[in-house]
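Asks: As a plain string of letters, each chain reads:
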Amino acid sequence: MSGGPVGELFRLAFASLWNRRGTALLTVFAIGVSVALLLGVQKVRTEARESFASTISGTDLIVGARSGPLNLLLYSVFRVGDATANVSYEIYEKVAKHPDVAWAIPISLGDSHRGFRVMGTSAAYFEHYRYGRKRPLQFAEGRPFDDLYDAVIGADVAEALQYRLGQEIVIAHGLGQVSFANHDDKPFRVVGILARTGTPVDRTVHVSLEAIEAIHVDWQSGMQAPKGARVTAEEARAANLTPKTITAFLLGMESKATVFMMQRALNEYRQEPLLAIIPGVALQQLWELVGVADTALMIVAAFVVLAGLLGMLTAILTSLNERRREMAILRSVGARPGHVFGLMVLESGLLALLGVLLGLALTYGALAGLAPLLEHRFGVFVELSAPSAYDMGLLGVVVGAGLLIGAVPAWRAYRNSLADGLTIRV
Amino acid sequence: MNDATTSPEVVPTSAIELDGVEYAWVRGRPVLDVPRFAVARGERVFLKGPSGSGKSTLLGLVGGVLLPDRGQVRVLGQDLAALRGSARDRFRAAHVGFVFQMFNLVPYLSVIENVLLPVRFSAERRARAGDLAGEAHRLLNALGLGAAELGKRGVTQLSIGQQQRVAAARALLGRPEVVIADEPTSALDWDARESFLRLLMQECAAAGTTLLFVSHDVTLGRLFDRTVSLGEINRAAPGGGAADAAAASPAVASA
Numbered sequence: 008m009s010g011g012p013v014g015e016l017f018r019l020a021f022a023s024l025w026n027r028r029g030t031a032l033l034t035v036f037a038i039g040v041s042v043a044l045l046l047g048v049q050k051v052r053t054e055a056r057e058s059f060a061s062t063i064s065g066t067d068l069i070v071g072a073r074s075g076p077l078n079l080l081l082y083s084v085f086r087v088g089d090a091t092a093n094v095s096y097e098i099y100e101k102v103a104k105h106p107d108v109a110w111a112i113p114i115s116l117g118d119s120h121r122g123f124r125v126m127g128t129s130a131a132y133f134e135h136y137r138y139g140r141k142r143p144l145q146f147a148e149g150r151p152f153d154d155l156y157d158a159v160i161g162a163d164v165a166e167a168l169q170y171r172l173g174q175e176i177v178i179a180h181g182l183g184q185v186s187f188a189n190h191d192d193k194p195f196r197v198v199g200i201l202a203r204t205g206t207p208v209d210r211t212v213h214v215s216l217e218a219i220e221a222i223h224v225d226w227q228s229g230m231q232a233p234k235g236a237r238v239t240a241e242e243a244r245a246a247n248l249t250p251k252t253i254t255a256f257l258l259g260m261e262s263k264a265t266v267f268m269m270q271r272a273l274n275e276y277r278q279e280p281l282l283a284i285i286p287g288v289a290l291q292q293l294w295e296l297v298g299v300a301d302t303a304l305m306i307v308a309a310f311v312v313l314a315g316l317l318g319m320l321t322a323i324l325t326s327l328n329e330r331r332r333e334m335a336i337l338r339s340v341g342a343r344p345g346h347v348f349g350l351m352v353l354e355s356g357l358l359a360l361l362g363v364l365l366g367l368a369l370t371y372g373a374l375a376g377l378a379p380l381l382e383h384r385f386g387v388f389v390e391l392s393a394p395s396a397y398d399m400g401l402l403g404v405v406v407g408a409g410l411l412i413g414a415v416p417a418w419r420a421y422r423n424s425l426a427d428g429l430t431i432r433v
Numbered sequence: 136m137n138d139a140t141t142s143p144e145v146v147p148t149s150a151i152e153l154d155g156v157e158y159a160w161v162r163g164r165p166v167l168d169v170p171r172f173a174v175a176r177g178e179r180v181f182l183k184g185p186s187g188s189g190k191s192t193l194l195g196l197v198g199g200v201l202l203p204d205r206g207q208v209r210v211l212g213q214d215l216a217a218l219r220g221s222a223r224d225r226f227r228a229a230h231v232g233f234v235f236q237m238f239n240l241v242p243y244l245s246v247i248e249n250v251l252l253p254v255r256f257s258a259e260r261r262a263r264a265g266d267l268a269g270e271a272h273r274l275l276n277a278l279g280l281g282a283a284e285l286g287k288r289g290v291t292q293l294s295i296g297q298q299q300r301v302a303a304a305r306a307l308l309g310r311p312e313v314v315i316a317d318e319p320t321s322a323l324d325w326d327a328r329e330s331f332l333r334l335l336m337q338e339c340a341a342a343g344t345t346l347l348f349v350s351h352d353v354t355l356g357r358l359f360d361r362t363v364s365l366g367e368i369n370r371a372a373p374g375g376g377a378a379d380a381a382a383a384s385p386a387v388a389s390a
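For the protein sequence lines, the chains are A and B, in the order given. Residue 8 is where the first sequence starts when you use this note's numbering, and the numbers rise one by one after that. Residue 136 is where the second sequence starts when you use this note's numbering, and the numbers rise one by one after that.
Hints are not guaranteed to be accurate.
Claimed, not checked - Computed spacing ranges between beta-carbons, pair by pair:
hint, chain 1, residue 1, chain 2, residue 2, range
1, A, Ala22, B, Ala342, 44 to 50 Å
2, B, Thr148, A, Leu411, 36 to 42 Å
3, B, Ala342, A, Leu425, 30 to 36 Å
What the hints assert, rightly or not - Over 12 Å on every C-beta distance to chain B, these chain A residues come out as not near it, computed from the model:
hint, residue
4, Ala92
5, Val311
6, Leu317
7, Tyr371
Stated by the list, open to error - One-sided excerpt, in silico: chain A residues whose CB lies under 7 Å from chain B:
hint, residue
8, Ala22
9, Ala322
10, Thr325
11, Asn328
12, Glu329
13, Arg331
14, Val340
15, Ala342
16, Arg343
None of these hints come from the bench; they were simulated from the model. Here a beta-carbon is modelled for each residue, glycine too, at the ideal position from N, C-alpha and C.
Using the sequences and the hints, build the whole thing.
Replies: Next comes the structure, spelled out in structure tokens:
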């Protein structure tokens with residue numbers, strides 16, 4: 008009586024569902040779509056977190072003037088907000104020459120071009136900056152800046168402003184979308200366009216540190232000198248363009264073991280108030296702030312799945328009355344009330360399982376179809392990997408919830424079959 | 136087999152025995168009060184009972200789905216109350232086949248699957264049936280259904296007469312000792328009734344199966360070894376005894 012009837016119940020449950028395949032398919036579809044949504048949200052959540060966490064990689068320390076770690080991270084990596092103070096070029100040079108430091112990338116912010124931030128940096132940026140899984144920056148077109156008035160633009164900048172190589176651009180003073188103070192006497196030429204990264208690099212205009220100095224050479228206290236005292240673009244080339252201050256700098260260490268030592272040394276530096284942060288730690292803190300939204304999204308998706316399962320409950324409960332006769336027949340051929348209960352639970356479980364499988368198929372189908380678009384438009388690289396253990400856990404919970412919800416009609420069928428016995432009530 | 140002379144009171148090996156059985160759905164208002172009723176092994180008994188005579192209750196008790204408030208129900212010598220619930224279900228599956236008035240078949244199973252249902256729940260029936268598909272076809276053929284025409288069709292497309300034959304084949308599969316038929320012919324027209332009944336009796340005789348046939352159609356009684364009126368054996372029948380049964384059905388009055 009052990010193995011046989013259980014296998015038999017499976018066959019009965021399958022046959023019963025097949026008999027009502029119209030309703031069953033709708034139920035499976037409802038569950039499938041809700042599961043696809045759940046998996047989709049989960050996938051986007053994972054990818055977004057990963058994408059976020061890999062906005063910058065390979066950099067061991069970010070160093071700026073003393074403020075808060077999140078503030079430093081936001082302006083140096085995400086190009087959000089402003090630095091409250093600068094660091095001296097002197098300390099940058101000193102640290103860059105330290106034997107434990109493998110490379111240093113200076114960052115100078117404060118100007119913009121049609122809403123995109125302009126960042127002054129050095130050639131080291133194109134060589135050492137890494138994002139994602141330690142991916143280096145690549146040029147879609149052109150080359151790094153070489154001349155004083157060369158600019159390298161990110162993929163979003165090129166796309167949004169329809170810029171090609173050779174385009175002349177004018178940098179605006181300050182960060183406003185519409186600026187009234189332009190460095191229009193010193194235009195730049197686009198010499199390179201970076202391949203899409205999916206990071207804020209795409210929305211940045213890169214020039215050399217010296218270029219930042221050059222365009223400000225005749226500026227004082229945020230105002231350009233009156234017409235007579237201005238310095239032309241060509242005259243500026245002759246000036247001393249070594250910056251006195253920069254906004255921040257990124258460091259790569261020779262050995263991971265020296266990261267903490269260097270961080271501490273910089274944070275305790277007496278001559279100048281500095282702040283050195285480890286990007287991974289700061290990113291994690293930032294994600295905890297941003298991550299609330301995706302948890303909310305996940306909760307919504309979970310409720311959609313619950314709605315799908317409740318739809319199944321409704322469908323099964325509705326069919327229950329017309330199936331009393333069927334249950335009495337099964338009882339008459341030797342099925343125990345427990346078998347009736349089991350049959351109903353199995354039907355719910357099968358519906359939930361089929362729904363989950365459909366959901367998986369829908370999710371992976373959609374991902375495969377949308378992956379090129381996601382990568383091209385948003386720079387989010389979606390990997391078609393097998394569902395994670397967490398995903399499988401989620402799906403297990405859905406099937407479990409299906410079985411649990413199935414226990415409601417199963418219990419009623421059980422009670423019915425006890426009350427009806429063999430008497431078939433038409 | 137047709138041992139009509141056997142008196143129920145002295146049968147040593149009864150197929151079905153009710154002793155002092157009382158049952159009430161609502162306390163204090165018994166619907167069944169049967170001092171004594173027995174069917175011998177291999178006997179074919181016609182139990183006439185109009186609706187309201189406690190027929191369903193009696194079948195529930197013999198099937199082991201209900202337990203008597205008082206007295207004993209024994210099937211093949213086994214006191215059903217002595218068995219646990221699941222054991223009673225197992226006992227029923229192994230030893231008793233049922234045919235009901237109508238809607239006997241599980242709509243989503245094929246004809247053969249419907250016939251084979253009992254062996255799914257009873258290893259004993261399975262063992263006795265031997266070659267399952269072969270035995271199912273043999274029974275269906277014996278009951279006048281060709282395998283060819285039935286194999287493909289869904290059970291809901293069968294005529295009621297065909298459905299009843301499928302149900303009879305199911306009740307007989309795996310040679311249970313007892314077959315209980317509850318108004319199996321009432322939905323059939325006259326010609327179909329006789330032929331159905333003859334085939335059923337034939338198969339019961341061939342397998343030595345005890346047949347308890349419940350119907351209000353007394354004209355069928357002549358085909359059985361013995362006719363018993365439920366109104367007479369059930370002291371709790373409405374109004375008490377046979378008089379009420381007569382009132383309910385004029386045909387019974389002549390019995």
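Asks: Next, verify each hint and record whether it holds.
Replies: The hints, checked one at a time:
1. A:Ala22 to B:Ala342: 44 to 50 Å: violated, 29 Å
2. B:Thr148 to A:Leu411: 36 to 42 Å: With a Cβ separation near 49 Å, threonine 148 of chain B and leucine 411 of chain A fall outside 36 to 42 Å, so the hint is violated.
3. B:Ala342 to A:Leu425: 30 to 36 Å: Holds, at about 31 Å.
4. Ala92: holds, 77 Å
5. Val311: holds, 31 Å
6. Leu317: Since the minimum Cβ distance to chain B is about 25 Å, leucine 317 of chain A lies beyond 12 Å and the statement holds.
7. Tyr371: Holds, since 32 Å exceeds 12 Å.
8. Ala22: Hint holds; alanine 22 of chain A Cβ to chain B Cβ min 5 Å, cut 7 Å.
9. Ala322: violated, 16 Å
10. Thr325: violated, 16 Å
11. Asn328: violated, 14 Å
12. Glu329: It is violated, given that the least Cβ distance between glutamate 329 of chain A and chain B is near 10 Å, above 7 Å.
13. Arg331: Given a least distance of 10 Å, the restraint on arginine 331 of chain A is violated.
14. Val340: holds, 4 Å
15. Ala342: Status holds, d = 6 Å.
16. Arg343: holds, 4 Å
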